[in-house]
Amino acid sequence: MKYYRAHVLICSGSNCAIKGCQTIKDALVAVLNKHELQSEIKVVDTGCLGWCEQGPSMVIYPEGVMYSRLKNSDMDEIVTEHLLKGRFVHRLMTQSTDTLGLASPLNMTPFFQKQRRVVLKNCGLINPERLEDYIHAGGYTALATALDKYAPEEIIAMVLDAGLRGRGGAGFLTGKKWSYTKAALGEPKYLICNADEGEPGTFKDRLILEGDPHLIVEGMAIAAYAIGASKGIIYVRGEYDLSIKRMEQAVLQARENGILGEGVLGSGFNFDIEVCAGAGAYVCGEETALIESIEGNRGEPRFKPPYPAEKGLWGLPTCVNNVETLANIPAIIENSPTWYRSLGTENSPGTKVFTLTGNITNSGLIEVPMGITLREIIYDIGGGIPQGRRFKMAQTGGTSGGCLAEEHLDLPMDYDSLASHGSSLGSGALLIMDDSHCILDLTHCFLKFFVHESCGKCTPCREGTPALYKLIGKMTAGQGNQDDLELIHRLARTMQDSSLCALGQTAPVPVLSAFRHFWPEVEAHMTGNCLAHKCFSGRGSKHDH
Amino acid sequence: MTIELTINERIVCVAEGSTVLDACAKAGVKIPTLCYHPDQQIKANCRICLVEVSGQRSLQPACAYPAQSGMAVYTSTPRVREARKTILELMLASHPRACLECPRNLKCELQLLANELNISESPFPRYERQVPADLSTPSLKRVPEKCINCRRCVHACLVTQGIGILYTSERGQETVVQTVGREPLGDLSCVLCGQCLQVCPVGAITEIDDTDKVWAALADPKKHTLVQVAPAIRVALGEEFGQDPGGIVTGKLVSALRMLGFDKVFDTDFTADLTIIEEGHEFLERLKEGESLPLITSCSPGWIKFAEHNFPNLLRHLSTCKSPQQMFGALAKTYYAQSSGHNPRDIYVVSVMPCTAKKFEARRPEMQDSVYPDVDVVLTTRELARMLKQAGIVWEALAEEAFDTPLGISTGAGVIFGATGGVMEAALRTVYEVVTGEELGRLDFTAVRGMEGIKEADIEVGKQAIRVGVAHGLQNARLLMEQVERGESPYHFIEIMCCPGGCIGGGGQPIPTTNAIRQKRIAATYLADESMVLRKSHQNPAVTTLYEEFLKRPLGLRSHELLHTHYTPRTK
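From first to last, the protein sequence lines stand for chains W and G.
Each residue of the first sequence is one higher than the last, beginning at 1 in the working numbering.
Each residue of the second sequence is one higher than the last, beginning at 546 in the working numbering.
Derived by calculation from the structure, the hints in this document are not laboratory data.
From the three backbone atoms N, C-alpha and C, an ideal C-beta is built for every residue, glycine too.
Treat the hints with caution; some may be incorrect.
What the hints assert, rightly or not - One-sided excerpt, in silico: chain W residues whose CB lies under 8 Å from chain G: (1) V451; (2) C455; (3) C458; (4) T459; (5) R462; (6) G464; (7) A467; (8) K470; (9) L485; (10) L491; (11) S498.
Said to hold, decoys possible - Across the chosen pairs, the derived CB separations fall in these ranges: (12) G:M804 <-> W:G296: 53 to 63 Å; (13) G:S599 <-> W:G258: 35 to 45 Å; (14) W:G258 <-> G:L703: 53 to 63 Å; (15) W:E274 <-> G:E673: 35 to 45 Å.
Put together the whole structure using the sequences plus the hints.
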């Protein structure tokens, strides 16, 4: 085994990749080679640390110093100052230093302090392309424990006891879903990991897959053991090149090392995983549309019942779980359901991964205990609203979620609290908007997404989303009247009540939520006033292009 | 096992496995439907059949939702009515609503539903689907702007017929049923069977209307107009005039055609009998030589086109006999012209067919053996009904009349051509007697009758055991053809009809044509057969005379010139 005196962890997640982390790494390696340090300093590609706003970034150990917003030209200084002379490069440092000249611990910085990383525990710390790194961090012990110590029923009971709810949006009890699939007749059974993350502003699953792919393999293997599935499929959004690559790599490594395939870890349990790339339709995140897509059909939802647990992929019992849901499983097995319940709230135990975007100082990927307030997320972790502007609204759960206004800042972020305010945790997207935006204009923009993504199968969604979009557009153009308002309400009710799948059922949520929480601002449009001065200015409907 | 549930607070018992829609029907409650079709898989996409189901957060489609014990269903609450109204208004917002110019006017499910739900306009923003109409074939007209995306046609094309030319394309509001590659139907392997048209709830797919051509011919004093009527018309036309399915209306049909002004009213059953003689001899010849077996029937033009596209290497198996329609045309302009003293140039042959593919068949270049087109124009059952209504003919008041002679003389064997298995049964009746010289004891070959997709029978003809197969619906036809392709076909003789149920279920028949209605037309067909004095083609005296006076012998020179044809390999 080789020892290094320092490790440089460079984030290779997609958000940093966009900002050029690969060239940063190349530059660093070149400088290290120039100084012949390659045998002393280890450079590691890691997954996302979460602080995307600060990217591209690196963390140098043993000091635990994070350097951010790096340029290629900074590498000389980092090598000569930090790695050769042991002096921090203060101008690039994320943390402060104390009186002794030591860097304050990274986890004590405001961005990390209130986070609780269960799912993301390895992200940014290990090389996701190395199975050894995952095992070194304690990986696959949960799977070994599960196979060795527990019967499948006991695993399901543990997940039920933990109170884990599906992290894909609906919040259904995972243990319950598993028990349905386990009880269903038919062989083989399938376990599908839903990684078709399509909600605008959501990228948590992507960064989990990129940052810790073996965690998903392990979570899937445990789930499959519990429900009696012998085949697993990871359906990854087609645009997620790096996720697909890393998952394929991880599956191969796991298979080569006896973690997948015949006799998992030497047990009598057989399970293998196939990675399947999606083709770009948002609706394929809906579990039955996803199944249709895997079967090679047009991505459209099926009527339920029968539910996938009974008749799913190829008509056989199928369990579809979100990436983050499965990522929670090893921790529950390893640490006990009681431990899991110590995190989060009574009805929403555990942590939740959010993607923080919009008008926020620290955009990025965070993991917090359920029940944390919106205010803590925005002002403590997120660093507040930039440019001295005022918070206006947060859209939770992506486009199909609702919006929350200033009076909701102290609302605990959990499934039930959000639902009671017409919103949802959904996919974990948190879009923060400042007061320069008009609520109606934003709503119009959100609706455009649904117009584009409606699969076209059922009438209320196919015809209803564009009708709703046009009616709201009429209001942003200053031509809305009382009849339109009534029509909007009737249409929204019908779409929620009669669409085939969640896409059509939730498409009116942005409208209803805006009407509910920002009524005076909406109403002002009826008399020709846009309080944010975004509408009417001769542009009519700006999203029409 | 039956289960008990309530529909609008009234108890109803249904069999386990029933849907809420079934339960509502049993309870005497009509639920509006559009994407639902009794012969197809449940799609649940139009959402017009929504009902309230106890314990369910949202409204549920009655067509798909399983009836459960103790369930309470509400079918006409304000919530249900509002949803249905909104959904229908949304549909109307992207539908042209040009009812007067639509062939389905007054027979359009969307229009009827709007009427039932008391909706006359849509408050939603108008959307025009910019997809051009397809007029590339002589049979079918596709007008995608009228499509309401119920996908019944997609199912008919893909599942019923196993072709899959129609499919759902685009998404969101641009979603529309399109052809493969957006190519015109005429450039594709569409067989023009019209099963898509038959299930379309609106006027998005209709037949090409040729009634004006017929009106013009009838008004032309120089034309000697002949009309031939296919076997399947007499058991279906009454439905166009409000009669229950399953009535036999041969007599009214004949007098109505006379009232329209046709000079002679003849019967395709006559050439159906003739087909049996020609094809029967062809079969016996092939059986003797042991070549190109199984022999496969060639009456159904949709089937012929299907074979040309999909099995171009097996065309030698097809009988070379023209279809009865084309045999009639060829004889009308030769034999009949000579014997009646008309110049064939002035003879105008109109066919009334249950079939849209017949319009294509009549235009095939090889179908002009009399120098002139054998058949001038083909009308579907629906077009004929349209003409009768236009002419002010009161159906109820019609007398019953008989066909003209000699091309109106036929046997029961000709009549049963209209039902699946009928050609085979007619052929067996004749082949048996021709080979053995003995009279058949029992005429009814029931094994080849009915709606079963593939049927077979073994018959002892003299010393030879003959195995015959019958398929209807191209999905079933494909299965038999794949056997032939693999060299594993167990049959000597196969009958294939393009449409489910045979011609009585054709794309030109009254709408609706469901399997339940097909059954009734089939029953009427066999009833018509039984009521005939002559029931075997070789007993047809007019056919005998035809051979004596004109054709001389089956498969003879004249027969080859006029009654037989060849096929064209086509690409998929």
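Tested hints:
1. With a cut of 8 Å, the hint placing W:V451 at the interface with chain G holds, because the nearest CB-to-CB distance is about 6 Å.
2. Interface restraint check for W:C455: the shortest CB-CB distance to chain G comes to about 5 Å, inside 8 Å, so the restraint holds.
3. For W:C458, the shortest C-beta to C-beta distance to chain G is roughly 5 Å, which falls under 8 Å, so the interface hint holds.
4. The restraint placing W:T459 at the interface with chain G holds, with a minimum CB-CB distance near 5 Å, inside the 8 Å limit.
5. A distance limit of 8 Å between C-beta atoms decides the matter here; for W:R462 the minimum to chain G is near 6 Å, and the interface restraint holds.
6. For W:G464, the interface hint holds, the least distance from its beta-carbon to any beta-carbon of chain G being 6 Å, beneath 8 Å.
7. Residue-level restraint check for W:A467 holds (minimum Cβ-Cβ distance to chain G is 5 Å; threshold 8 Å).
8. Given hint, W:K470 at the interface with chain G, holds; its Cβ is 4 Å from that chain's nearest Cβ, closer than 8 Å.
9. Nearest Cβ of chain G to the Cβ of W:L485: about 12 Å, over the 8 Å cut. The hint is violated.
10. Against a cut-off of 8 Å between C-beta atoms, the interface hint on W:L491 holds, since the closest Cβ of chain G lies about 6 Å away.
11. The beta carbon of W:S498 comes within 5 Å of a beta carbon in chain G, closer than 8 Å, and the hint placing it at the interface holds.
12. The supplied range of 53 to 63 Å is met by G:M804 and W:G296, whose beta-carbon atoms lie about 56 Å from each other.
13. Evaluation of the 35 to 45 Å hint for G:S599 and W:G258 yields a failure: the beta carbon distance comes to about 52 Å.
14. Checked against the given bound of 53 to 63 Å, the beta carbons of W:G258 and G:L703, roughly 44 Å apart, lie outside it.
15. Range check, W:E274 to G:E673: Cβ separation about 44 Å, and the 35 to 45 Å hint holds.
The earlier numbered hints that this structure contradicts are 9, 13, 14.
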